[in-house]
Amino acid sequence: MQSEKISADGVEVTGFPDLARKYAISSVPKTVVSESVEFVGAVPESMLLEHVQRAVETGGLVS
Amino acid sequence: MALIGEDVAAQLRDEFASLKDPVELAVFSQALADPGSEQVRRLIEELAALEPRLTARSYNFVLDKERVEELGIARTPAVAVLGSGKDYGIRFYGMPSGYEFGSLIDAILLVSMGESGLGQETRAALDSLSRPVHIQVFSTPT
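Chains as they are written, first to last, in the working numbering: chain A, 92 to 154; chain B, -15 to 126.
Same shape as in the complex, but just chain A:
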C-alpha cells in the first residue's frame, strides 16, 4: 500500500491446486514477486525490498 505500483495478493492455496502446481508450492508461506523472484518464509523488510527491486531489475512480468 506504500506504492501505487505495488499490488499484493494473499492466497490460501489449498483451494487452488492449479496455483499450487504452477508455483510449485511445497513449503509456506511462499512469496512470488512479479513471476520472477521467489522465496519461502518470512523475511526482514530490507530483504523484501531487495527482492522487489530485483524483480523490477530483471523485468519480472506482472500477471
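Hints are not guaranteed to be accurate.
[Stated by the list, open to error] Derived BS3-like pairs (lysine-lysine); straight-line CA-CA distance at most 27 angstroms:
| hint | chain 1 | residue 1 | chain 2 | residue 2 |
| --- | --- | --- | --- | --- |
| 1 | B | Lys49 | A | Lys96 |
| 2 | A | Lys113 | A | Lys96 |
| 3 | B | Lys49 | A | Lys113 |
| 4 | A | Lys96 | B | Lys4 |
| 5 | B | Lys4 | B | Lys49 |
| 6 | B | Lys49 | B | Lys70 |
| 7 | A | Lys96 | B | Lys70 |
[What the hints assert, rightly or not] Facing chain A, a subset of chain B residues (Cβ under 10 angstroms, in silico):
| hint | residue |
| --- | --- |
| 8 | Lys4 |
| 9 | Lys49 |
| 10 | Gly56 |
| 11 | Tyr72 |
| 12 | Tyr77 |
| 13 | Leu94 |
| 14 | Asp111 |
| 15 | Pro116 |
| 16 | Val117 |
| 17 | His118 |
| 18 | Ile119 |
Since the hints were derived computationally from the structure, they do not count as laboratory data. C-beta atoms are modelled at their ideal positions from N, C-alpha and C, and glycine is treated no differently.
Since chain A is already given, all that's left is putting chain B on it; use the hints.
Same frame as chain A, but now just chain B:
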C-alpha cells in the same frame, strides 16, 4: 451457526476500536461454480457486522463483471480490502483462515490508518520503482 465465535468476535471488536477511516471489504463469490466461496462471503459479512466502520459489499464473480475488471479480480473466492476512495491493491484469495485471517485483519487495520508502517529507507526506495510489481504470498490454513 456463526463462523466467527463469540471469543474471537470480542477480540476483533477490541482490535477494530483503533480503526480510523472506513474500510470496504469487497467480496467476490459464485454460488453455482464455487459453492465454497459463499462461506467466505458469510465470513466477511460477519466480520463487517462487528464494526460500523467496516462495510462488506458482495459481488457475483460472473454477473458483476464491471467490478471484477475494475478491481482485477482473478478468481473466487476473493476479498479486496479498500480504503475510503482508495484502492491500495490488496487482495485475498481463498478462505481467509489460519495465517491468512491474521493477515486480513492486519490489512484492514493498515488500510484504515492509511499507513504502511514501513521505514523511511524502504519508502524512498519504493517511490523510485520504475515498473509495477505484483506480490503473491501463498499460505495454507495451518
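Checked hints:
no.	hint	result
1	B:Lys49 x A:Lys96	holds, 24 angstroms
2	A:Lys113 x A:Lys96	holds, 24 angstroms
3	B:Lys49 x A:Lys113	holds, 26 angstroms
4	A:Lys96 x B:Lys4	holds, 24 angstroms
5	B:Lys4 x B:Lys49	violated, 31 angstroms
6	B:Lys49 x B:Lys70	holds, 20 angstroms
7	A:Lys96 x B:Lys70	holds, 14 angstroms
8	Lys4	violated, 14 angstroms
9	Lys49	violated, 19 angstroms
10	Gly56	holds, 8 angstroms
11	Tyr72	holds, 4 angstroms
12	Tyr77	holds, 5 angstroms
13	Leu94	holds, 6 angstroms
14	Asp111	holds, 7 angstroms
15	Pro116	holds, 5 angstroms
16	Val117	holds, 5 angstroms
17	His118	holds, 4 angstroms
18	Ile119	holds, 4 angstroms
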